[in-house]
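Residue strings, one per chain:
Protein chains: 2
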Amino acid sequence: MAVIALDAMGGDHGPSVVVPAALAAVKAHDKLSVILVGDSASIQQQLGSLSESITNRMRIEHTAQIVEMDEAPSQALRYKKNSSMRVAIDLVKEGLAQACVSAGNTGALMATARFVLRTLPGIDRPAILAELPTCKGRVRMLDLGANVDSSADHLFQFAVMGTVLIRAIDNIPHPKVGLLNIGAEEIKGNDCIKRTAQLLSESSIVNYVGYIEGDGIFFDDVDLIVCDGFVGNVALKTMEGAAKLIKCYLRDTFRRSWYTQLLGLMVKPVIQQVKKTIDPANYNGASLLGLRNIVIKSHGGADIKAFTHAIEEALLEVDKNVPERISRELAVLFAEE
Amino acid sequence: MAVIALDAMGGDHGPSVVVPAALAAVKAHDKLSVILVGDSASIQQQLGSLSESITNRMRIEHTAQIVEMDEAPSQALRYKKNSSMRVAIDLVKEGLAQACVSAGNTGALMATARFVLRTLPGIDRPAILAELPTCKGRVRMLDLGANVDSSADHLFQFAVMGTVLIRAIDNIPHPKVGLLNIGAEEIKGNDCIKRTAQLLSESSIVNYVGYIEGDGIFFDDVDLIVCDGFVGNVALKTMEGAAKLIKCYLRDTFRRSWYTQLLGLMVKPVIQQVKKTIDPANYNGASLLGLRNIVIKSHGGADIKAFTHAIEEALLEVDKNVPERISRELAVLFAEE
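From first to last, the protein sequence lines are chains A and V. Using this note's numbering, the first residue of the first sequence is number 1, and each one after it goes up by one. Using this note's numbering, the first residue of the second sequence is number 1, and each one after it goes up by one.
It is worth saying that the hints were derived from the structure and are not from the lab. Heads up, a few of these hints could be off.
Note that identical chains are pooled: a pair holds if it fits in a single copy or bridges any two copies.
[To be verified] The calculated DSSO-like cross-link candidates involving lysine-lysine, where the alpha carbons are at most 27 Å apart (straight line), are: (1) K176 / K136; (2) K93 / K136; (3) K305 / K194; (4) K244 / K276; (5) K244 / K31; (6) K176 / K244; (7) K81 / K188.
All chains, please: the whole structure from these sequences, using the hints.
As structure tokens, this is what we get:
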């Protein structure tokens with residue numbers, strides 16, 4: 001039985017998303033048990049409104065505090081020791097849960113997880129890994145925002161951690177790893193990127209296939225893309241923004257006349273289908289890699305389906321024992337140095 | 001009369017795009033004269049196949065060499081002194097043209113322009129500025145790939161140069177300037193970004209409005225976005241990739257059945273309209289800001305319409321005397337320091 005602690009108060013929707021998502025996940029997975037951490041009245045209210053025969057695999061851990069979405073991580077760490085986020089992480093620390101999922105404040109989650117759970121030996125700061133849609137399926141990418149000044153050593157560690165995760169989770173024995181870079185010839189990357197490329201090509205752990213550019217994220221044949229957290233976060237949000245922009249343009253253009261409005265109605269199922277393919281819900285659940293335990297960050301605005309996906313990502317990582325595997329590979333790596 | 005030197009051999013299509021684009025631009029603008037630099041036979045062939053009454057404002061400067069798209073900039077600089085790119089830039093240096101437009105190798109163009117024309121006092125390296133589509137119209141952004149390790153001082157200079165250009169070209173007296181950053185609270189940017197924000201908020205030249213995130217590029221109310229060239233290049237290409245990905249998904253989805261194929265045909269004009277709005281051709285022509293003269297980089301794959309747009313961007317900058325204005329503002333800035 002895998003036990004996963006859920007921060008029921010996190011995200012834009014709190015228990016109204018987390019509780020139904022938990023129910024869906026528990027229904028779908030026999031060996032999953034969840035601890036709903038948060039205000040017991042609010043959680044109970046959500047549970048009550050749902051039919052349930054499986055609540056023996058769900059229990060509530062009452063907490064009185066909430067970490068606000070815009071709260072400073074240092075504040076949360078110091079003054080919110082009875083928050084749903086903190087207690088969910090504490091449950092993992094105490095061994096009462098094997099993973100934690102939160103849609104709350106990213107900075108606070110990162111700081112708290114790092115403080116309570118600690119990073120693996122040799123890792124300074126966890127890196128954020130997530131899945132993105134591509135023309136052929138999907139690709140995983142890290143770091144998406146935790147490390148804003150990554151050295152070549154850091155980027156190399158990201159590649160190792162991502163490789164191990166993909167081997168474990170996706171059953172790809174030698175995941176292809178690309179390094180995000182820019183195109184123009186003379187100015188092909190900075191020194192850090194060049195040194196990282198050197199480290200990666202010499203590695204026996206990482207199957208390094210070379211540089212990829214921004215548009216290559218969606219079209220190149222790789223399983224993992226490695227980048228600095230600043231660059232990765234900008235790329236991720238630019239992608240989201242570009243998709244939203246195209247959606248706006250389509251909507252505005254379909255609104256122009258009664259004829260295009262009619263066309264818009266007819267074509268809606270097709271557009272919906274495309275939206276479904278790139279729906280962030282299908283990709284929700286970013287891993288904080290490099291911690292001694294499993295922590296999954298859900299998008300703050302996640303809906304029930306998306307949060308369920310994040311829980312399932314946590315379950316997979318528990319099943320595959322991801323941190324333990326990463327730890328082993330890193331130990332070998334640091335022993336070699 | 002403005003004289004613009006065109007690298008007729010640059011880009012994926014060479015004279016077959018550059019010559020008709022030159023003709024279109026000369027027809028549209030009475031006060032424009034162009035010098036077509038490249039293989040005279042190939043250029044003549046293109047000119048011959050077109051009706052022309054305005055060729056008195058077009059002349060050919062024959063050159064025997066071509067800078068290849070994948071050639072190392074240092075090679076081009078050393079061994080291609082009679083290339084179309086180099087001679088077009090030389091014409092500007094000699095005062096025989098007021099601007100140069102090339103769709104050739106970006107690195108070589110950058111290196112050659114910097115070597116031949118020199119940067120303005122206090123500027124190490126030109127920054128690449130281009131326009132992007134947004135939900136409300138367009139925004140300009142720099143640097144898009146020339147400077148891959150920008151300091152806070154560099155980013156600040158980009159903001160000044162971009163501000164002056166927008167004031168001159170777009171007639172916006174106080175362009176709103178945003179600084180590209182990432183979202184998560186604790187990890188809001190690196191030290192360089194924080195120092196840049198400080199510099200920008202203290203500036204009397206720049207109307208700094210704050211941080212913007214990747215998705216904000218398309219939705220925030222700013223006229224100029226400032227970022228490091230590595231980050232900017234990744235963002236630009238990620239945007240292009242995301243748009244291409246959505247196009248692929250739409251095409252694949254419309255192909256699924258005879259009914260959706262029919263729908264696809266009906267809806268084609270709407271999709272075309274949207275494509276037209278975000279068509280890179282409408283935004284083609286990146287400025288190499290910080291040089292003593294005007295150099296415009298066209299996309300390598302530009303079509304006739306797109307290359308014409310790049311020529312018109314050059315013409316505007318000649319008209320508005322952009323380098324001179326930037327030089328003046330920078331002089332004030334460095335005098336203050």
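> Where does the structure disagree with the numbered hints, that is, which hint numbers, in rising order?
Replying inline: 2, 3 and 5
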